[in-house]
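Asker: Take a look at the letters that make up each chain.
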Amino acid sequence: MGAGHGHRLHYHGHSRVHRAPAHRKLVVLLAFVLLVVATPREWFWAHAGYAALVVGVILAARVPLGYIARRMVVEVPFVVFAVLMPFVATGPRTEVLGLSLSEPGLMAAWALLAKGTIGVMSSLTLAATTEPADVLDGLRRLRMPELIVQIMAFMIRYLDVVTADLGRMVVAMRSRGVDPRSPRHWPALARTLGALFIRSYERGERVHLAMLSRGYEGAPRS
Amino acid sequence: MTEPVSEPSAPVLDVRGLAYAYPDGHQALFGVDLQVRRGERVALLGPNGAGKTTLVLHLNGILGAGSGHGAGSVRVSGLPVEKAHLAQVRRQVGIVFQDPDDQLFMGSVRADVAFGPRNAGLRGAELEDRVQEALALVGMADLADRPPHHLSFGQRRRVAVATVLAMRPEVLVLDEPSSNLDPASRRELADILRSLEVTVLMVTHDLPYALELCPRSVVLSDGHVVADAPTLEVLTDADLMRAHRLELPWGFDPRTVGPGPVGSVGP
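Protein chains in written order, with my numbering: chain U, 91 to 312; chain Y, 6 to 272.
Because the hints were derived from the structure by calculation, they are not lab data.
Treat the numbers as computed from the prediction; the structure is a model and nothing was measured.
Even for Gly, the Cβ is constructed at its ideal location relative to N, Cα and C.
Certain hints may be false.
Unchecked claim - A few chain U residues that face chain Y, going by a derived Cβ cut-off under 7 Å, partial list only:
(1) 155
(2) 250
(3) 251
(4) 259
(5) 291
(6) 294
(7) 296
(8) 300
(9) 303
(10) 304
Please build the complete structure, drawing on both the sequences and the hints.
Answerer: Following this line, the structure appears as structure tokens:
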């Protein structure tokens, strides 16, 4: 149906970054993000260095920067929050372009934007260079409990199915004159989401039936 | 295929006096009798809500006395479908569900086909052989490493059949195998089903498909078996068809088509 193939985050390639073992990439990503978060926000040059490092890895992986940039829209809610902070925060104020802004607010906004952007960029780099199945294998190798890995595997498997379900429901709404973007029609959208939840829940039950039918006895086996 | 444990003349599927009411009180089956012998291909016909799916879910013990109010018995190769034998029964009765997305839940075709045999305790090279064998039977051996959601609908249906064949069942139960398939995929699936040396029970609304593949048809209506006869006979019995909301596609005349290729019916 309308939905394209999965892999909306993965960028096919054969670079060294692509070929590196997934569990190492996961450990490096986690350590890197912790380091970025732990760096004092006054160390501006350090953040510039981190950003340059991530860009360097993206280039080494031969993933187009635009590919990563377009997927960074997930960060938008945080950006909105960061932009608001200098206006609403308290403390000593300073003049910027004729606006009175809070100094601690500006610092907090900078920290949120810088650390958030670097974190999202590096996570997207991992997603772009590692197949979802390899990420799961990596987590398994890092001793993530099997049950959690299984749940994540189901999430990856059924994300497209549920998205396609939602897509069809939205098309059906539009065909009957409901525009899901207009606040006037949000009640209808909310009911659609409720129906989507029920559908997904029932699908879960059918999947469980199919698992039982093939001898599944309650415990996931690796 | 595995050898039968019981004497060869015993039916593979033996349903006797099966009645069942769901916990909410809705009674779906009223004393159903159904015997299917080794190597037969039988179509289970009936209008929506006739109890076909309820019957199918009894065949491998998903539904039963434990999940509602029931009477009667189901035996698979002489083995009663009861809690003590569920694991074996589920190896012997392979159900292919209607929506392949419900059946293919692992990250790759290979992992999905391996799921059943792995639950049965197979590992290593033996498991891999079993997966390859099942995929080869449905002509999907080349796509073993693809994630299921990247396959076409017809391919997913075929992989769903393979996931069940990998358990080497004695009976293959298919729920609406031809639904949502384009004509070419529908024919390819028919070729595959004909090539399998396994007993088949096929739930379908696709009457030409039933005629093509199944020499015998059972009609279920309102929880009762109302007909059990050669498919051609059922499809040409106008009164029976009308009484149970069965309709042939426009322009399709079973008399001019005749029964399906008889030579390919099991051993």
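Asker: Report holds or violated for the interface hint on residue 155 (chain U), using the least CB-CB distance to chain Y and a cut-off of 7 Å.
Answerer: It is violated, given that the least Cβ distance between residue 155 (chain U) and chain Y is near 27 Å, above 7 Å.
Asker: Against chain Y, is residue 251 (chain U) within 7 Å by beta-carbon distance?
Answerer: holds, 5 Å
Asker: Restraint: residue 250 (chain U) near chain Y, CB-CB cut 7 Å. Satisfied or not?
Answerer: This interface hint holds because 5 Å falls under the 7 Å limit.
Asker: Take the shortest C-beta to C-beta distance between residue 296 (chain U) and chain Y; is it under 7 Å?
Answerer: holds, 4 Å
Asker: Would the hint on residue 294 (chain U) be counted as holding, given a Cβ-Cβ threshold of 7 Å to chain Y?
Answerer: violated, 9 Å
Asker: Minimum Cβ distance from residue 291 (chain U) to chain Y below 7 Å?
Answerer: violated, 13 Å
Asker: Given residue 300 (chain U) was flagged as interface, is its beta-carbon under 7 Å from a beta-carbon of chain Y?
Answerer: Because about 5 Å separates residue 300 (chain U) from the closest Cβ in chain Y, which is inside the 7 Å limit, the hint holds.
Asker: With a cut-off of 7 Å on the beta carbons, see whether residue 259 (chain U) makes it to chain Y.
Answerer: Hint on residue 259 (chain U): violated, closest Cβ of chain Y at ~16 Å, above 7 Å.
Asker: Can we keep the residue 304 (chain U) interface hint, with Cβ of chain Y closer than 7 Å?
Answerer: holds, 4 Å
Asker: Tell me if the interface restraint on residue 303 (chain U) is satisfied: Cβ within less than 7 Å of some Cβ in chain Y.
Answerer: holds, 5 Å
Comparing the model with each earlier hint shows violations of hints 1, 4, 5 and 6; every other hint is respected.
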